[in-house]
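Engineer: For reference, the chains in residue letters:
2 protein chains.
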Amino acid sequence: MPRLRLALAQVDTVVGDLAANVARARAAVAEAAAAGADLVALPEMCVTGYPVEDLALRPSFVAASRQAVADLARVVAEDGHGDVVVVVGYLDQDVDAAGRDVQRTGLPSLASQNCAAVLHGGEVVARYAKNHLPNSGVFDEQRIFAPGTHGQRVVVRGVDVAVLVCEDLWRDGGVTAQLAEAEHDPGLVLVVNASPYEQGKHRVRYDLCRSRAAETGCTVAYVNLVGGQDELVFDGQSLVVAPDGEVLARAPQFVEHVLVVDLDLPAGATDEGPGRLYDRVVVHADAGPEPQGRLRPVPVEPVEECEEVYRALVLGLRDYARKNGFTDVVLGLSGGIDSALVATLAVDALGAEHVHTVAMPTRYSSEHSLSDAAELAHRQGTRHRVVPVQPMVDAFVDGLGLAGLAEENVQARVRGVVLMGISNSEGQLVLAPGNKSELATGYSTVYGDAVGGFAPIKDVVKTLVWRLARWRNADALSRGEQAPIPESSIDKAPSAELRPGQVDSDSLPDYELLDAVVDGYVVGDLGHADLVARGASEELVDRVVRMVDRAEWKRRQYPPGTKVSAKAFGRDRRLPVTNRWVEPAARD
Amino acid sequence: MPRLRLALAQVDTVVGDLAANVARARAAVAEAAAAGADLVALPEMCVTGYPVEDLALRPSFVAASRQAVADLARVVAEDGHGDVVVVVGYLDQDVDAAGRDVQRTGLPSLASQNCAAVLHGGEVVARYAKNHLPNSGVFDEQRIFAPGTHGQRVVVRGVDVAVLVCEDLWRDGGVTAQLAEAEHDPGLVLVVNASPYEQGKHRVRYDLCRSRAAETGCTVAYVNLVGGQDELVFDGQSLVVAPDGEVLARAPQFVEHVLVVDLDLPAGATDEGPGRLYDRVVVHADAGPEPQGRLRPVPVEPVEECEEVYRALVLGLRDYARKNGFTDVVLGLSGGIDSALVATLAVDALGAEHVHTVAMPTRYSSEHSLSDAAELAHRQGTRHRVVPVQPMVDAFVDGLGLAGLAEENVQARVRGVVLMGISNSEGQLVLAPGNKSELATGYSTVYGDAVGGFAPIKDVVKTLVWRLARWRNADALSRGEQAPIPESSIDKAPSAELRPGQVDSDSLPDYELLDAVVDGYVVGDLGHADLVARGASEELVDRVVRMVDRAEWKRRQYPPGTKVSAKAFGRDRRLPVTNRWVEPAARD
Chain A
1 MPRLRLALAQ VDTVVGDLAA NVARARAAVA EAAAAGADLV ALPEMCVTGY
51 PVEDLALRPS FVAASRQAVA DLARVVAEDG HGDVVVVVGY LDQDVDAAGR
101 DVQRTGLPSL ASQNCAAVLH GGEVVARYAK NHLPNSGVFD EQRIFAPGTH
151 GQRVVVRGVD VAVLVCEDLW RDGGVTAQLA EAEHDPGLVL VVNASPYEQG
201 KHRVRYDLCR SRAAETGCTV AYVNLVGGQD ELVFDGQSLV VAPDGEVLAR
251 APQFVEHVLV VDLDLPAGAT DEGPGRLYDR VVVHADAGPE PQGRLRPVPV
301 EPVEECEEVY RALVLGLRDY ARKNGFTDVV LGLSGGIDSA LVATLAVDAL
351 GAEHVHTVAM PTRYSSEHSL SDAAELAHRQ GTRHRVVPVQ PMVDAFVDGL
401 GLAGLAEENV QARVRGVVLM GISNSEGQLV LAPGNKSELA TGYSTVYGDA
451 VGGFAPIKDV VKTLVWRLAR WRNADALSRG EQAPIPESSI DKAPSAELRP
501 GQVDSDSLPD YELLDAVVDG YVVGDLGHAD LVARGASEEL VDRVVRMVDR
551 AEWKRRQYPP GTKVSAKAFG RDRRLPVTNR WVEPAARD
Chain B
1 MPRLRLALAQ VDTVVGDLAA NVARARAAVA EAAAAGADLV ALPEMCVTGY
51 PVEDLALRPS FVAASRQAVA DLARVVAEDG HGDVVVVVGY LDQDVDAAGR
101 DVQRTGLPSL ASQNCAAVLH GGEVVARYAK NHLPNSGVFD EQRIFAPGTH
151 GQRVVVRGVD VAVLVCEDLW RDGGVTAQLA EAEHDPGLVL VVNASPYEQG
201 KHRVRYDLCR SRAAETGCTV AYVNLVGGQD ELVFDGQSLV VAPDGEVLAR
251 APQFVEHVLV VDLDLPAGAT DEGPGRLYDR VVVHADAGPE PQGRLRPVPV
301 EPVEECEEVY RALVLGLRDY ARKNGFTDVV LGLSGGIDSA LVATLAVDAL
351 GAEHVHTVAM PTRYSSEHSL SDAAELAHRQ GTRHRVVPVQ PMVDAFVDGL
401 GLAGLAEENV QARVRGVVLM GISNSEGQLV LAPGNKSELA TGYSTVYGDA
451 VGGFAPIKDV VKTLVWRLAR WRNADALSRG EQAPIPESSI DKAPSAELRP
501 GQVDSDSLPD YELLDAVVDG YVVGDLGHAD LVARGASEEL VDRVVRMVDR
551 AEWKRRQYPP GTKVSAKAFG RDRRLPVTNR WVEPAARD
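Residue numbers (full-length UniProt numbering), protein chains in the order written: chain A, 1 to 588; chain B, 1 to 588.
Just so you know, not all the hints are guaranteed correct.
Listed below are the simulated DMTMM-like cross-link pairs for lysine to aspartate or glutamate, each with C-alpha atoms no more than 20 Å apart in a straight line [as the list claims (entries may be wrong)]: (1) B:Lys554 to B:Glu407; (2) B:Lys554 to A:Glu53; (3) A:Lys554 to A:Asp328; (4) A:Lys554 to A:Glu408; (5) B:Lys554 to A:Glu407; (6) B:Lys554 to A:Asp54; (7) B:Lys554 to A:Glu408; (8) A:Lys554 to B:Glu53; (9) A:Lys554 to B:Glu407; (10) A:Lys554 to B:Asp54.
Hint data in this document are derived by calculation from the structure and do not stem from the laboratory.
So here's chain A without its partners, still in its complex pose (with noise of 0.2 Å):
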């Protein structure tokens, strides 16, 4: 039985940096390389980034990646690895459909293709295409993708690997129930992944895996990509599942991590053609030498939730900023929850130089909201400052004879434009505060507490909030350090301050009965008598629909922020804005 070593490179890339991109999977490849290995996988789309979108669509970005998935054979080989089998995601397309088809925009068809390509040798040695494209939640891979129809095998060191790009490994009846009926069968399934994020989904990940190594007998190695996408965050977490199910190895999570494993496969039919449904390339038609020393690192544990949580934020926000090329954030502390843990993510994703927080009392803020705020920055070291926004507030409310809503809702825009014009000056990135809950169902000021190009808690529930803050006091405290966030901002009554002794329950239910029907809803696609099932009275799950419902138009206007669900808004929840549904409230 031959003995392989496999390394899973989970590696952070930035979508359309190609040249940076190449750099990135070659220091991976030679960080493999020294640790011996025979076999480097680099995640799907790994030279271009991913989701690409609409540059799929793009000739000069499809003859890019192209050209720059040949130059990382070429460098890897000038580096003294030409030898190392290489399995890469890069965009390419399909040369002989190209042109075939005039779209209905009167240009010819890329017919682009998500594909991994083989390198051996300087040289690009075979290129497989993903079969399955997704199409619903977050991916619209149909939209831009044509798909592959044919499977690739590699032969390494006289194991047979089959190749395959993510979805592929979803899908029941398709790629993987080819292999379990090939006539040769494989040694080892290798697929290269950008699978996003969501609370709990190692779970998911582990239980396809094991289900597709019982399937087609064979271990199956998993590499994800790594790094913050827009509201995506891919979690690295790369894993290896053998055909009984047992976890062989597995990398950590949301950081950069070249996994090397050794791995006992069966002998590959070497000298057998290519199959009915698949190409193959022999690399290395015998074992050879065993590798030196045996590599079988302890898998990496899964963390607990809220800490999983928790690194997701951070370095979705980390990545947000960095890549759009902000080194800054700027965001106003009210002295409550939500605005002190996007303030404690910040510290921790860009240090608290980088990080600049505001205190704009107006005459019905409270003193504590503005000791509260003082005693975080302080504690975190956050560059702090307060500016008085009464006075602006003024001007509109004299100018204009405000009241009601319409005064409290200046207040929030006043506070936006205070924001907005520190960043004008300063050039921070400015971040939106408000929570999933609060997005949900509309309880936030558009153009007010809003304003942002980034939203770091937008898909966190209020009630997760709390969890979040209180985990990140508690994890400080248990490495001795000083809890980062004040004890009062956890545990006053939620406010928005916007007119005397309002709080938020004047406005929504209390959030444990709420979050659970926000959840319901929006994540679990349920309907009214589901909701009801599961403990909610009629009359909550009516009022919390139709809050939901209403607030589409809101979250039109408010900026992207991180993932860690299957559904948060936006992209993955299109509905129109002019629409006149309303979800039944009878049992349907």
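Put chain B on the given structure of chain A with help from the hints.
Structural biologist: Okay, now just chain B, sitting in the frame of chain A:
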């Protein structure tokens, strides 16, 4: 040769308001029946409105649509029109396939389908599911619908009518190729559509109908939806084209209309059963007595380009306001051409008494900015007010020590806060005045002039703004009315008036040059070499392409508007925000 009296009923529906849509369809059928029609066609997804986006994935909505189409059949019969055959678009599901697959979400698939029902005698006697699902540009139907796999014929007064839905007509080698090769020729191809307006699209649609009529040897009848829906405008202009290309009938554009026309059509082989690729339902095997008289209304000629675009914008604005529950709009009047055109569109859409205009001068505002705004308000009778905003601006500039670009932006943002304050107090929809040239290049202030719920001219380049204004004035004069737009607003050099002596040409290329490149790059998807080949300098192309690529982030904070071209922004140009790809400057 049987004579069939056909009615094409182009109606304006509201997404999600099934009861209202059924009522509208019922009234259209009654009007057609009163004119003696044998067969009435209503648009694609008429019962639900179009597009429904992810509402198609809600079980309660699918069930409601199925019920609504059955209700329509019943009430049409109750009205005494049970013998009229009605073909109407609605949302249904493939009941056999529903629930078979479990989606990644863990929910069973609905297998929703974009369908046309055939109604007769109070019942749904047949249903056809759209075979070809468009998935590019503004369409993403493969995400939400399962395709149909079978054709549908219905025999009416001895004529064998093939029923198609929209994209079925567009696809080469698809359903129409099957019709051309079918064992029995249909006598009429009847297509129900929801085809969005684009500049000059009537030529594309006529060419399509003519080529399919020639391919199948059949008369093609094309009924189209009318009305505004978020960024789309459906323009009606239903059409009947003979096999030789003659336009037998054409309805007007942008208005509801029931087009009734007598067609002499070949008799079908009505004693045959269903064909290999289609089902058939026979309503009237024989031609029966000829209808009284002969209805052949003169085809309505398309109007010229400026009028067409103008009317599209008026309908888009009127329906966005109306369908979202607004009677009134509010906007800032700068004295410049963009806000002048938007105000004029609003007056034409909603009536002057529903249009609230606000002049918001600062110290940099010119004398003519106030007088031109007042003159427009006077000529058109809008509800006009002047809100001097220098006090609010000073409060920010003094409080924050702003200068330069930050000071410029704060003026625009103060105006945004004023408009939103008025809106919150009085309930109008705020209109954003930005044009496509500005938005494409990022020449606008986020949370400033971008503030609003709808942006009527976001898909109109600046040179077209001027042409539309001149056309509107000339059209008024030709009718003996006063020109609505002050001539000086059209003739003056465009300026944001955010600093002394500022003009747009400080920051932007000449608009004639700019708009040509914006059009080629944004709408035409052309690369660098193609743009230069069209006559722009390399330097200009580089400059504009850089501006357009950089402006994506701003557009995320921008409200919807009305599309008048194949590509504007937003859904139809999906690019990652976090992205380093730069369109190559060198010829590719």
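Engineer: So, for every hint listed, does it hold in this structure?
Structural biologist: Hints, verified against the model:
1. B:Lys554 to B:Glu407: holds (18 Å)
2. B:Lys554 to A:Glu53: Within the cut-off at roughly 18 Å; holds.
3. A:Lys554 to A:Asp328: violated (27 Å)
4. A:Lys554 to A:Glu408: holds (17 Å)
5. B:Lys554 to A:Glu407: violated (27 Å)
6. B:Lys554 to A:Asp54: Since the Cα atoms of Lys554 of chain B and Asp54 of chain A sit roughly 18 Å apart, the hinted pair holds (cutoff 20 Å).
7. B:Lys554 to A:Glu408: Status violated; Cα separation ~26 Å.
8. A:Lys554 to B:Glu53: holds (18 Å)
9. A:Lys554 to B:Glu407: With Cα atoms ~27 Å apart, Lys554 of chain A and Glu407 of chain B exceed 20 Å; violated.
10. A:Lys554 to B:Asp54: holds (18 Å)
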